[in-house]
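**Q** Sequences listed follow chains H and W, in order.
Counting in the UniProt record's numbering, the first sequence runs from 1 upward without gaps.
Counting in the UniProt record's numbering, the second sequence runs from 1 upward without gaps.
These are calculated hints, taken from the structure and not from any lab test.
A portion of the hints provided could be inaccurate.
To be verified - Stretch-level coverage of chain W by chain H, calculated; a stretch enters the list once three of its residues show a Cβ under 8 Å from a Cβ in chain H:
| hint | stretch |
| --- | --- |
| 1 | 207 to 221 |
| 2 | 230 to 242 |
| 3 | 249 to 258 |
| 4 | 356 to 366 |
Said to hold, decoys possible - Under 7 Å between C-beta atoms, here's a sample of chain H residues computed to sit facing chain W:
| hint | residue |
| --- | --- |
| 5 | 73 |
| 6 | 77 |
| 7 | 184 |
| 8 | 187 |
| 9 | 231 |
No experiment lies behind these values; they were computed from the predicted model shown.
Glycine included, C-beta positions come from ideal geometry on N, C-alpha and C.
Number of protein chains: 2
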Amino acid sequence: MTRPTSPTAYRTLDPAGIRAFLAAQPALAARLGGRPDEWRVREVSDGNLNNVFLIHGPAGGVCFKQSLPHVRVDPDWKMPLDRTAFEAAYLRAVRPHVGALTTELLHFDPDLFALVIECLDAHVVLRQGLMQGGDWPEAAAAIGRFVARATFRTSPLALKFEDASTLLAPFARNHTLTRITVDLVLTDPYHAHPRNHWLSPELDTTVAAFRADPNVRRRVGQMQARFLTCQQALLHGDLHTGSVMVAAHDTRVIDGEFALPGPIGFDCGLFVGNLLMHLFATPTPQGRTRALRDIGQFWTHFRQDFTTQWTDAVARDQAGDAYAAPLFRDDPASLHQVQARFLDEVETDTIAFAALEIIRRITGYAHIADFDVITDRAARAARQQAALHLARDLLAEPARIPTIAALLALAADRAG
Amino acid sequence: MTRPTSPTAYRTLDPAGIRAFLAAQPALAARLGGRPDEWRVREVSDGNLNNVFLIHGPAGGVCFKQSLPHVRVDPDWKMPLDRTAFEAAYLRAVRPHVGALTTELLHFDPDLFALVIECLDAHVVLRQGLMQGGDWPEAAAAIGRFVARATFRTSPLALKFEDASTLLAPFARNHTLTRITVDLVLTDPYHAHPRNHWLSPELDTTVAAFRADPNVRRRVGQMQARFLTCQQALLHGDLHTGSVMVAAHDTRVIDGEFALPGPIGFDCGLFVGNLLMHLFATPTPQGRTRALRDIGQFWTHFRQDFTTQWTDAVARDQAGDAYAAPLFRDDPASLHQVQARFLDEVETDTIAFAALEIIRRITGYAHIADFDVITDRAARAARQQAALHLARDLLAEPARIPTIAALLALAADRAG
């Protein structure tokens, strides 16, 4: 992506440095209002990788995010700085299509690898909100629309292939974060690796069983190939419930630094996988009802919105080179059939990637917080085991669970 | 690809210019031997796009190929010069894996977009050789091995994804020639376009029928999407029988200027499609027997060689990130299953792309010469119609012809 004009210009900014940096940008200083010494700078770093600060002045706030030369939570794990450049590029690529379903990019500094986006003061991180028993009935549908638009509009379904190729090419160079996905999500949980960990000994038998299952390994291998060769669209690449911020009637996708060309079902699968884990982790029947509702809403709205955009593009002769308009313009029945088949394939991918996400978040390197609400260790292990069994079945017996509807029925049964 | 150091340095070389160009390169001059005025320069331009000359001196020969700023056979169709740069890059990428199944790259000049490769004096173009009733019993198997090696070794089955991505990225910018494929192969033959032409009125009904068939159009749309989104490996991109040169025991793939990342079945399908057309065009029972044999040999050797390389890579722990070795190293039965499934998918693609190639070569812009051996117009139309009917069936009823074996049985029956 963007290369620093001077590699030595990089330094990790502390609150005073951030204040000076923002003061030097007239548009950002105006957005904050008042004098720099009036601005409150508060660190809210929460993810594994980057420093994040919120800055407020008399007139408003901004969010400042900076890459570190290492993993934030593990200074020994060195890492190139370019991830915020990929996040800035992702925002530039999808914002025209998704509008207020993501944040506005206010500034990017390629020397400091520092990103300034709008501050979402009224919002909470969806994962934290769900863990606290909150309910955002509009959020899952909004994420469905986000994925539909961000992917359809960056695919050769909507674009001439030259434009799709030019748009996607820089993201294919997001090697550092894609390597994390390839290792931590798609590979390490399926063999002995020192980064893996789980509730042991409670889950030892379950982990050994899915690793030993050749049906699971064959399906995992297929999904590795699908992730690495099926370049349908620009993906967010890390669309879990921690990458979503919600307010009552406002839903925003953040943290696009993992953006890469890939199969659309990967974005869908990560989101569905995280809602499934919440389903197993949440202690209340209402929580479970909402989790099932959210998965259904997400999928219904993703599929509807994707189809609607596709139909509109063909009708306006603005479709891309895949399923080219001249073949389908005058045959709505055929268009409907190819759309359904395309989205059935995304559905199959979604279910498999959801299963991979569940397994890696319970037995791999980076776990999720959702299960921490279960303070009793045996109870927590039991819920994680139920989630792992579901994931195993999704991978080993895809023909038995071919649709999100079938998945919802099975998950409702298993989660109790 | 490579940019010219000075855009004004380009000029189309005539025989005298070629002589001076080669004389200025000591290694090339030494290969030719003697003095430049002893060298024979002979134009053999045959394809649609470029100038090609063979140069012979007392010690040996070379082949000189230069891009023109337009399509060679249509000076009004302007075209960027970079296609020989893609051909040079393709030779560099695959030659280490395929050895003498392609030609040696002797020199590339990025200012003149001029390529010098070894001269194949003992060889004929496979298409011309077949049309003259020749038989090269080893050629199809060699092409099968060529495709197996050129694709496996450039895929994430064999490479860490970073290496595959870095290798494939420049070829994703081969927009000019990929646009030709997207338009001429995948789109134009399925709707009214001024570039299309066919034996009219004899084939009018057949063309109207496949265009009106929604099963055909849906399958064509799917293959458009597959071509543009399934980036399994580096493809040759134009592997018809005119891109193969044969001698008694030597087979070479040439003309890699269409190289791009794509589905492996596209290279297989173009070759199979051209052999199928030869099957329908050849006037003798021996010719038909050989064409069927060659399709079978190509496919058997492609599939065997691809599988063998894959198995070896896993055994040596040199496999890539797709179907990662830790999952399959100790489970040969599962490896065998995923290999079979992967290659079944390539087989499905191969059959569909073969059908697209047949249709575009009989009803699109760029026809093939094979049918010209049938001097009687009605007989020629009848054979083309039979080939088109086969292609239609392959697209409209893929479940009926799921394998190359089934295709061979049907084609043998139809070709008589």
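**Q** Hints first: check each against the structure and report whether it holds.
**A** Hint check results:
1. Given a C-beta distance limit of less than 8 Å, the hint that chain H covers the stretch 207 to 221 of chain W holds, as 5 residues qualify and 3 suffice.
2. Figure legend: the stretch 230 to 242 of chain W, annotated as covered by chain H; annotation consistent (3 residues with Cβ-Cβ distances under 8 Å, at least 3 required).
3. Interface restraint, the stretch 249 to 258 of chain W with chain H: violated (0 residues with C-beta to C-beta distance below 8 Å; minimum three).
4. Coverage of the stretch 356 to 366 of chain W by chain H is violated [criterion: at least 3 residues with CB-CB distance below 8 Å; count 0].
5. A cut of 7 Å between beta carbons decides the hint on residue 73 of chain H: the least distance to chain W is about 24 Å, and the hint is violated.
6. Checking residue 77 of chain H against chain W by beta carbon gives a least distance of about 17 Å; that is not within 7 Å, so the hint is violated.
7. Annotation: residue 184 of chain H was flagged as interfacial toward chain W, and the flag is violated, the nearest CB pair being 13 Å apart, outside 7 Å.
8. At a threshold of 7 Å, the smallest CB-CB gap from residue 187 of chain H to chain W is about 5 Å, leaving the interface hint in force.
9. For the restraint placing residue 231 of chain H at the interface with chain W, the shortest Cβ-Cβ distance is roughly 5 Å, inside the 7 Å limit, so the hint holds.
The structure fails hints 3, 4, 5, 6 and 7 (numbered hints given earlier, in ascending order).
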